[in-house]
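Q: Please take these sequences and the hints and turn them into a complete structure.
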Amino acid sequence: MTTTKPSGAVGAHNAKVMNRFELTKRLVALLKHEEAVIGGIGNANFDLWASGQRPQNFYMLGSMGLAIPIALGVAIAQPRRHVIALEGDGSLLMQLGCLATVADRAPKNLTMIVWDNGIYQITGGQPTASATAADLVAIARSAGIANSAWAADEADFDRLTASALKGGGPSLIAARIDNKPGTATTDRDPVQIRERFMRGLGVKGQG
Amino acid sequence: MTESQTRAATWYDIILATLKANDVKLVVYVPDRVFTPLIKGIHADPFFTTFAATREEEALGIITGAWMGGMRGAVLMQTSGFGTIPNALASLVVPSQIPALIFVSERGTLGEFNLGQALVLKTMRPVLNSLAVENITITRQDELEFIVDRSIKQAVATQAPVTFILSPLLTGGKVFAA
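Listed in order, the protein sequences are those of chains A and B. In case it helps, the numbering used here puts the first sequence at residues 1 to 207. In case it helps, the numbering used here puts the second sequence at residues 1001 to 1178.
No lab work stands behind these hints, which were simulated from the structure alone. On a predicted model such as this, the values are computed, not experimentally measured, just so you know. Glycine included, every Cβ here is placed at the ideal spot set by N, Cα and C. Worth double-checking, as some hints may not be accurate.
To spell it out: a stretch of chain B is covered by chain A in this simulated footprint if at least three of its residues, at any positions, have a beta carbon under 8 Å from a beta carbon of chain A; those stretches are [to be verified]:
1. 1067-1073
2. 1110-1117
3. 1120-1133
Selected chain A positions facing chain B (in silico; Cβ < 10 Å) [stated by the list, open to error]:
4. V28
5. A29
6. L31
7. L61
8. S63
9. M64
10. A67
11. I68
12. P69
13. G73
14. V83
15. C98
16. A100
17. G144
18. V191
19. G205
A: Pasting the structure below:
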């Protein structure tokens, strides 16, 4: 019996190391019902921006760690719309408690996608705890998100995402990713981003 | 307010009714002893969606998302919890122009027994003022409905957050159980 320490990105031993921009494009290709996407600060956002600026995308410019809470709020306000949060491993580690809150509320229309490259990429590549010890999927499961899984490869990511978008309950999909930087950078105007998003969600008129 | 017609209105009846009158459906809190009767009342009223967040900044994130999705939200916290939210205010709520309704039960003054609460309180108004976040200290029940009602309307109309600081003069506060 092996007693290898089950560890984070390493613990996802069968998961292929993929590319965030590639997976973001795959995600967007699966969105057919004006689903809302909340991009976490940094590269999660940058690749979301580069994948096409859908009016239902919200790009978080600060408040590291709050992509999932923001997505939960949107999901509560609009229960008929599916909402997806994109977070990095460092961001999620900053706000792990939100997983317990999501599990407690159990919104059917919320999917959380975690890009795990084991580093705080945007600040210079310092290692996160998920590189050595923490398994983010195991943490999510233990927080009560039963539907949590590592994506084994691109096809598995597509399958998990399509399944999550059916809306059976909150789900978390984690993907091991490489350390390629984001593909573009977002605009930096929070009011415009928020305004566009609210119009994209039909909360404000299109005028 | 049928229940409150049969007894003297309390500060928490008034806040609950004023939130309702202004269509504030979502209330996310990090628990506080002083807020207990308000939280209990909100849980008991099916008009509200209400639950605890694990941190105050998480609560702010949730009501920010809800506002963008078309639902008004409020957060409840105690003074020490305020110490966790300056970044969420400065990098999300204020620059995105979110009318977050923030209720803080004021600890750290008028009989505080915990030095930590007293020190966090010293930071609270300076932080709010430096971010130009409207903040109103409420000491009198006869002014409570007017202040909360008008300020919610102002927050929504001007797309700006507002902080209601509920003084122990209003709530009785929390006292040291000697």
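Q: So, for every hint listed, does it hold in this structure?
A: Cross-check of the supplied hints:
{"no.": "1", "hint": "1067-1073", "result": "holds (count 6)"}
{"no.": "2", "hint": "1110-1117", "result": "violated (count 0)"}
{"no.": "3", "hint": "1120-1133", "result": "violated (count 0)"}
{"no.": "4", "hint": "V28", "result": "violated, 20 Å"}
{"no.": "5", "hint": "A29", "result": "violated, 24 Å"}
{"no.": "6", "hint": "L31", "result": "violated, 17 Å"}
{"no.": "7", "hint": "L61", "result": "holds, 7 Å"}
{"no.": "8", "hint": "S63", "result": "holds, 4 Å"}
{"no.": "9", "hint": "M64", "result": "holds, 8 Å"}
{"no.": "10", "hint": "A67", "result": "holds, 8 Å"}
{"no.": "11", "hint": "I68", "result": "holds, 8 Å"}
{"no.": "12", "hint": "P69", "result": "holds, 3 Å"}
{"no.": "13", "hint": "G73", "result": "holds, 2 Å"}
{"no.": "14", "hint": "V83", "result": "holds, 8 Å"}
{"no.": "15", "hint": "C98", "result": "holds, 5 Å"}
{"no.": "16", "hint": "A100", "result": "holds, 6 Å"}
{"no.": "17", "hint": "G144", "result": "violated, 12 Å"}
{"no.": "18", "hint": "V191", "result": "holds, 6 Å"}
{"no.": "19", "hint": "G205", "result": "violated, 12 Å"}
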